[in-house]
Amino acid sequence: MTQTETAPQSQATSHSSHPTAWKWYDYFTFNVDHKVIGIQYLVTSFVFYLIGGLMAVAMRAELYTPDSDLLDPNLYNAFLTNHGTIMIFFWVVPAAIGGFGNYLIPLMIGARDMAFPKLNAIAFWLVPPAGALLLGSFFFGGAQSGWTSYPPLSLITANTAQSMWILSIILVGTSSILGSVNFIITIFKMRVPSMRWDQMPLFCWAILATSILALFSTPVLAAGLTLLLFDINFGTSFFRPDAGGNVVVYQHLFWFYSHPAVYLMILPIFGIMSEVVPVHARKPIFGYKAIAYSSLAICIVGLFVWVHHMFTSGTPPWMRMFFTISTLIVAVPTGVKIFSWVATLWQGKIRYTSAMLFAIGLLGMFVLGGLSGVTLGTAPFDIHVHDTYYIVAHFHYVLFGGSVFGLYAGMYHWFPKITGRMYNETWGKVHFVLTFIGANLTFLPMHSLGLQGMPRRVAMYDPQFTAINQLCTFGAILLGFSVVPFAVNLIWSWMYGPKVGDNPWDALTLEWTTSSPPEIENWEVLPVLTHGPYAYGMNGRNGKGLNPSAPTSGEPAVEAK
Amino acid sequence: MENEKVPTTIITLTAGVVITLVSLWVGQNHGLMPEQASEQAPLVDDFFDVMMTIGTALFLVVEGAIVIAMIRFRRREGDDTDAEPIIGNLPLEAFWTAIPAIIVIGLGIYSVEVYRDMGGFEPAHHLVAKADTPAHIASMPGSAIAAPLVADAEGMESDEAAASKGAKYGFGAAPQREGQAADLVVNVTGLQFAWIFNYADSGVVAGELHVPVGKDVQLNLSAQDVIHSFWVPQFRLKQDAIPGQPTELRFVATKPGTYPVVCAELCGGYHGAMRTQLIVHTQEEYEAWFEEHQIAQQQNPNQTVAVNPADLSESEFLEPYTTKLGVDEKTLTQLHSMHES
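Protein chains in written order, with this note's numbering: chain A, 1 to 561; chain B, 1001 to 1341.
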């Protein structure tokens, strides 16, 4: 991973007359700087996370008793629809890809900005109106047919709200497509000349794979939803069974995007993991190439697994079997990543920062989510647990234990870079402990609920499941409270936290070579790569701080025997 | 990476044996599944047990490695240096790519086997006839609740017609019964928020499903308004009832008892209340039940006492109809509140 040092190439910036820092109101404007846009994405998505989280707590409160006694059943369905939609389209995807992607990609590859800065800003500014449209749908009863919005249910309930929901998703989908184009061009064209493909940080590989996937799959969702919009409002009958339409076609169109959407939510997080783990374990990432290629493998195989969501639907037998096999195969590249991170920890010198705790917490929870995912990939077993709480348990282990833990890890890890200040570690650890206990308490018992016979998306259930549901509700309340130390810590530290230097973690990727927070256009003089992104313990480094002018004739990397 | 390799030390060997034993025990004794009441259930459960065994072993190995690494390789006080750089190990990486690959391919093959034994491949034989299957009538928006209740008989007939033409998704006969007609055929209609069971040959209509134990039962599933999903957890079987797309579910109940029928696909506000029962009788009990219902529902003019409908209260007038349709008071209350909201 080491590279011979090249002669410094001075590229003096021609923008020295620019201000060096943003004012607070810049974050509320049509700003084209990738860092401002990244923060805009992060803050907006975090607000949506809180809204979506409150909906979840309300639903869990409803499920404290078997009867539908707290929320009206239609409101409950509106909550569950919008909880899912918000968490996917307005929290994880915009935070991971829009937030971290925008903030970090140019910094990590040594670029001054994204390839198309205005397009980038347009992509972000599609999100707030989309969110407003979604939340506004509550004034019209709220879309009630689940985040999947299967017709005919979506055709016959709350038409105005459903249409607003569709338009909202099409808007964020458009934003996602614009962002993807931008990321792909930026990564291909704007790396510093000294950075080879195999020296690119793994987060960039992950965002590249994610963007390719989004570009292939999002238009299909947009097409499906547009047809649904026409069915609802203009009397067409693409999915109307009473007029020759086919409801199963919608499911194919929907899942062709929405299965890959889970990779859109987890691939960038895999990228975050690959950055956080080596820095805090003080070891090079184990199996760089395997991790990079497995991202691409997941991206490709991930496009051919969507029918596993339809095993109990109108799916011919051969398809059930083909998609069983393809789904199971996704486990292999995912497993490779997990093993590589564990091997990175192995023989490391692990620093238990809040970022690292969340990264290890993610590992622990994702293993269980991955294993239950394998069981779900097999048609015969999936048929029993499809649309039950087993599914809810599985995808929350993957999406909360995976994506949300990863976002937390990323936020703690890059907080000093973004703000120039350090967060409070003690409160970070309190946040981790509450989150880890809360998440497991909420989602672990759900496996049993689903296996025993409780379907998902119900406001009322069989009284025999009461005790386990109450346990889940306690967990959810704890999980709700766990956000408080996080939010308070970060907001307080952003304003008053102790100032830190440019590189408090002594990390090696390029974003740590500029000031914290980075100046406008990122560097006075563009950096030159003198080592790989994960050269910990190599080239005579001993962890006493990055010194770009250090001799590079140190020991070669050690291959494990 | 000595601990990741094939066990060479006593400790790793012991750990391997312990993990194997624990995994085998968990695989057999997890007690997570409800009781088994169909021929398909043991097939699914055996498969699940195998996955639990493998899953427990992988879980213990990976989580164990994480926990050991967390303790053994934590930073010591005052040590600010980097660890020894280890950037890869091809044999090890090949090993941990190959092992999961072999496991998932093995599970894939096993799942095809289970799926075939469950009868999953049988409906495929009818696939050719799909093109000329008439889509049956689903209700229009706005009439979703009221219309199906009135129109269900018609709907079920069109189902039957579709079924006879044969385009089916779902589960057919088990391989040993392939090509044989089922012992009992019931047309099942899902509507917001009830199931209606129509015993096609005899005209018996019920709100609960009664079947004899040990008989090959075929359900022809259809939906009147939105997608519903017919699930009996104790049978490990589930199949969506899709408007415009007849599906099939065939099973043999193995144990008399009463089991819940759950709708698993979100079908509206009262989706959670769309529950009924499947009662598995012994043959004699079933015949008694069947006879009773056939008599009760027979239109025999000699036994009918003429009454002036105007003299009856609304509930007295509606009572026989609700019995026939299997709509109970709870469902009606919910339907009313749906209409009002």
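Please note that a few of the clues may not be correct.
[What the hints assert, rightly or not] Computed beta-carbon distance windows for the label pairs:
| hint | chain 1 | residue 1 | chain 2 | residue 2 | range |
| --- | --- | --- | --- | --- | --- |
| 1 | B | Val1050 | A | Leu478 | 50 to 56 Å |
| 2 | A | Tyr496 | B | Glu1035 | 47 to 53 Å |
| 3 | A | Ile437 | B | Val1022 | 20 to 26 Å |
| 4 | A | Pro193 | B | Val1050 | 50 to 56 Å |
| 5 | B | Glu1208 | A | Asp72 | 37 to 43 Å |
| 6 | A | Trp24 | B | Ala1098 | 33 to 39 Å |
| 7 | B | Ala1098 | A | Pro128 | 46 to 52 Å |
Since the hints were derived computationally from the structure, they do not count as laboratory data.
Keep in mind it's a predicted model, so treat the numbers as computed, not measured.
Ideal Cβ positions, reconstructed from N, Cα and C, are used throughout, including at glycine.
Results of checking the hints against the structure:
About 35 Å separates the C-beta atoms of valine 1050 (chain B) and leucine 478 (chain A), a value inconsistent with the hinted range of 50 to 56 Å. At about 60 Å, the beta-carbon gap between tyrosine 496 (chain A) and glutamate 1035 (chain B) misses the expected band of 47 to 53 Å. In this structure the supplied range 20 to 26 Å holds for isoleucine 437 (chain A) paired with valine 1022 (chain B), their Cβ-Cβ distance being about 24 Å. A hinted range of 50 to 56 Å holds for the C-beta pair proline 193 (chain A) and valine 1050 (chain B), which are about 53 Å apart.
Against the hinted window of 37 to 43 Å, the Cβ-Cβ separation of glutamate 1208 (chain B) and aspartate 72 (chain A) comes to about 28 Å, which falls outside the hint. In this structure the hint that tryptophan 24 (chain A) and alanine 1098 (chain B) lie 33 to 39 Å apart at CB is violated, the actual value being about 54 Å. At roughly 48 Å, the beta carbons of alanine 1098 (chain B) and proline 128 (chain A) sit within the given window of 46 to 52 Å.
Figure legend: structure checked against the earlier numbered hints; hints not met, in rising order: 1, 2, 5 and 6.
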